[in-house]
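Turn these sequences into a full structure, and let the hints steer you where they fit.
Protein sequence lines correspond, in order, to chains H, V, R and P.
The numbers in the first sequence follow the UniProt record's numbering, run straight up by one, and end at 345.
The numbers in the second sequence follow the UniProt record's numbering, run straight up by one, and end at 345.
The numbers in the third sequence follow the UniProt record's numbering, run straight up by one, and end at 345.
The numbers in the fourth sequence follow the UniProt record's numbering, run straight up by one, and end at 345.
Simulated from the structure, these hints should not be mistaken for laboratory data.
These numbers come from a predicted model, not from an experiment.
Warning: the hint list may mix true and false statements.
[Said to hold, decoys possible] On the chain V side, residues computed to face chain R include the following (Cβ under 7 Å):
#: 1; residue: Pro-76
#: 2; residue: Thr-77
#: 3; residue: Val-180
#: 4; residue: Ser-181
#: 5; residue: Ser-188
#: 6; residue: Phe-193
#: 7; residue: Pro-194
#: 8; residue: Thr-238
Even for Gly, the Cβ is constructed at its ideal location relative to N, Cα and C.
Protein chains: 4
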Amino acid sequence: MNVGIVGATGFGGLELVRLLKNHPRIKKLTLYSSSKKGDSIDRIYPHLNGIEEGKLEDIDPYNIPKQVDFLFSSAPTGVSASLLPPILEQGMKVIDLAGDYRLKESETYKQWYQKEPPDAKWVDRAVYGLSEWNTDQIAHAQMIANPGCYPTAALLGLLPLVNKRLLDVSTIIIDAKSGVSGAGAVPSVSSHFPFANDNLQIYKVNKHQHIPEIEQMLHQYSETNKPITFSTHLVPMTRGIMSTMYAKVKDGVSAMEIEETYTEYAEQHEFIRLSPAHGLPSTKHVMGSNYCDIGWSFDPRTQRITAVSVIDNLMKGAAGQAVHNFNLMNGFPETAGLPASPVFP
Amino acid sequence: MNVGIVGATGFGGLELVRLLKNHPRIKKLTLYSSSKKGDSIDRIYPHLNGIEEGKLEDIDPYNIPKQVDFLFSSAPTGVSASLLPPILEQGMKVIDLAGDYRLKESETYKQWYQKEPPDAKWVDRAVYGLSEWNTDQIAHAQMIANPGCYPTAALLGLLPLVNKRLLDVSTIIIDAKSGVSGAGAVPSVSSHFPFANDNLQIYKVNKHQHIPEIEQMLHQYSETNKPITFSTHLVPMTRGIMSTMYAKVKDGVSAMEIEETYTEYAEQHEFIRLSPAHGLPSTKHVMGSNYCDIGWSFDPRTQRITAVSVIDNLMKGAAGQAVHNFNLMNGFPETAGLPASPVFP
Amino acid sequence: MNVGIVGATGFGGLELVRLLKNHPRIKKLTLYSSSKKGDSIDRIYPHLNGIEEGKLEDIDPYNIPKQVDFLFSSAPTGVSASLLPPILEQGMKVIDLAGDYRLKESETYKQWYQKEPPDAKWVDRAVYGLSEWNTDQIAHAQMIANPGCYPTAALLGLLPLVNKRLLDVSTIIIDAKSGVSGAGAVPSVSSHFPFANDNLQIYKVNKHQHIPEIEQMLHQYSETNKPITFSTHLVPMTRGIMSTMYAKVKDGVSAMEIEETYTEYAEQHEFIRLSPAHGLPSTKHVMGSNYCDIGWSFDPRTQRITAVSVIDNLMKGAAGQAVHNFNLMNGFPETAGLPASPVFP
Amino acid sequence: MNVGIVGATGFGGLELVRLLKNHPRIKKLTLYSSSKKGDSIDRIYPHLNGIEEGKLEDIDPYNIPKQVDFLFSSAPTGVSASLLPPILEQGMKVIDLAGDYRLKESETYKQWYQKEPPDAKWVDRAVYGLSEWNTDQIAHAQMIANPGCYPTAALLGLLPLVNKRLLDVSTIIIDAKSGVSGAGAVPSVSSHFPFANDNLQIYKVNKHQHIPEIEQMLHQYSETNKPITFSTHLVPMTRGIMSTMYAKVKDGVSAMEIEETYTEYAEQHEFIRLSPAHGLPSTKHVMGSNYCDIGWSFDPRTQRITAVSVIDNLMKGAAGQAVHNFNLMNGFPETAGLPASPVFP
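So, in structure tokens, the structure goes:
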């Protein structure tokens, strides 16, 4: 199988290269980049020296379907809206890692992204690629809107409880923390090492564009549509997201119900792990892997649950989940191309 | 003035040495350590080479009042309970940086610390040294229970609003994050560099001994006694605490009232700063200083405020606040011995 | 194939677990630990939850050959001397990651390790497992003394030039830098996060036990036996070694000869990469992989070459090289079980 | 005294603000910036909120002498060449933290900086501000060329031995390591957190513009002019430089002579400290302070000394040394405005 990656020089693209070079069903990668076309990926990123050395191709939506059998698009949000439709119209299967096709309501997209939404036809057809929750739809989709990193962590932690109606959804507060790679490969002030190192930054409180994405999915599985409180922090580490989530349980819900719900959920899904013995997960427990680890604590004093989920933002939060979805779409084993173990320490 | 420091080889003690060597009213330091007595501080900590070179004295509560005019005690919690009463009985003024004398209810202390509480007489007389809130009492106290690092950050952020009855206190959730120096100078697994670096850990959810300390003070300034939800995270940085706090505002409370409350509060206190232009503070903005920076955001969708406070855990969260209290107790200028500026970057 | 790992809870052992779980020829791992016997590896290291969950077996040299077909020993130096001979006498193939069997001269071992050397019989038979330089011997060995992390980086950078007689070996100076995982999994003062973070430490100057190991191998490939100057630094990162090496070139040696030597060397070896276009390698270029990247610069003003090699200390410097040797010993493809790409960023 | 700082928004400028706000002889700071004129420093750098809030003034060399009594210039190298002469001609005393006026030979400057050198008149008059070595000249200078960060660390470590003719200067190799703040406040690829974190980078081997600066000063104190070998590494920490220096001692030189030389040197200078008991210094021992700590080891096998010096690159390597020089020029106590103790941990 020949697979293409648009936006190969970003962090999502680079991680796709790492995974797909190790994928047993992929023969050849073709890398696309508008900003770096003609250059070679291993000159820009010497860690790929001897591994992937092809020239970066210009992005031409009419040529791509002639060159590859499947496309991952990891361009910045806003690019996919115009780039992907001509490719999709030619029948190609696509996984888009950007935000363009995730929000079903065009008004919501405009409000949070301050951009024009893509063609409604493809927004409608795009399947939200939260692998564990839309498994069947993903398997039959032509087009996947791969979830954002924060929504992946938050939803994998919350949906099991929301789906079973265990939480008062009007009380959900999500305090999310991310490593700096979440800010992308382009240098900026907040990611300048002397500022980011030995520092904890908070940003975009109640303004992050991942808020409507989380709400859209929560609402699908809950009986009422309530807004959430969501804040995001920049932690001085390269990879990893921790989502600390607070909510009141509904009257009468017991710790045992929560335990059973999470246990069953973890048993059913290859990449979901429940921290043993009421432990709490650390981001390093999943680094470099596609796992989402979940832990929780119930406080009888406040009737609140504190749930914690961790992922590697570039893996389960981006490229790893994309490859998982690729496997589902193609009938490959779910774990194909995905590392057997996190990198630790 | 001759000043003594018990537990000088811990991080609180070391930071006291740094500050007091620079204090215009202090002539001499005497350092006490039971575990390292006879050794010299600069051999253990070479950064003090040429700065403070005296031998570490053994801790003898009957000798200390003969040797020094004022005592800072930075021994681990549990030691002060037996160590300090004989010193206090001799009339010496003491600031205790440990947890022993902070909680007024002995049952609460037993429950959260799993230790026997100190003599009730001195617990009663101890003034909780939150400098901005107990200023007058501190000025006239013989004995200060210096606040914990997490409570300092949380209370400085919450009390202005709680005191003005702007919050529904039953909805308070505190998501606290600390640098690893908060865990002390003794190596442990969770602070071993290969585990702590590039990692985010969450610990003691709803179980941290700082919970009753925060609640005790919140209850003093609010109309009802409600338990809080509190979680703590270990961030891969050396210093710094960020406290991200969530609460519903009471019906009818406006963003302008919050702004005015915080503005007035910051104007009245030397070491409280309000982030300008609705910015949000980073821990690095206060590193090495005694400042507490506060920012906030109000979300009309949820009627929740997200307030953020940052401190240097070893400064405002320990030694800096202790020196501030020392100044208040002795009628010195509030800023004496405290750095004029954070260290940045 | 059933494979055993002694000392599975150390960093070398953990990395072996990561690699061998992904090795196509290995059916089962048996993990041994004297200190943690009876416990399960995934309870101690939750990143292995769901991946490797067996109980840790006690280390019994007479039982091990009945339980496994091949043994990796990653116990601390000094343990292998007594542990391995009874296992080897039963004909089992063993790769030892400790220092015990690396030095051929027992007096040298005593002097640098301050320990009694192992039985000379097995020291003599042990093949020094520098994969690229002892390839044939490794393929036919019963017992491999896997190289130390610093020697691997230094030797892979120096031997090509030394072997071609391009350097004045009496001028070799090696300035080595390591990430903190090189200090092992047991917490210590110098690896306590508040001390190691944002800090650069230098240690064991001219005293490191890896000095005689480097010299032994250099002398084998050079015409004279000269002592080297060697210093080691602790860098605030988890993984990675950089070896910066200085030497005078012999009279008349040109930059082109050096370039040709390195180019040919890199072309012949799967895991050796020459930095393109006279670039210089960073440790992150090889993180999580078995690569050794090499760069260099020749200064005509001083007639000195500065050569730089980088490895992941837990991979090429320990477990990765061990798996490479395991593949050579068993006739498997050299890359079996080894990741196709570094983890970046 | 009213003092001006040109280039106040760079790291050198910011550190000057921190120090000078604490200087007992300075009444007022005036901050200049061409790129940020009109903005206020505390809006760009919130750590200065409430500490230094003035508007950034445009840089006008004809106005500056009317506004301030003394000028620190911390503009990028190349700017001072044209900016400072008109100011100097008006008789103002200036300390320049850039590289423009450090090299006495204009050809050398052109070759290493690839820029036009400043007016020879002021290059001649500029005193190289290595505080401990040019103390008297500094005291009487109108204009100081403040040393580079790497040269400061290397020279303070080498000059005592070179000056006493203890070293074979033709064998000097300097392996220097710096924290990322050395690269300045402007974001770049190599200082982008995801690339710089958990990584060790080497750069500009034998090409760094600090080489001729080191050589110029070494040659002044040695009997022969020999080129040095010099390499620079980027360490994942914010502040700190370690200079590891290798050289053969001259025939007959003993370890005792080295010890005596360093001991005497440290005793004579306020900010030079010799690591006690043959210890070796870490960069964190001097963080936030103006100290240079020195340690060393002599290897009788190779007759080489390994000397190690550490500084805080923004302090002794820039602003701290500048303030020290300012004190010398004005007859103030050497330590005025300089912190009594490093910040540790």
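Can you list which hints this structure breaks, lowest number first?
1 and 2
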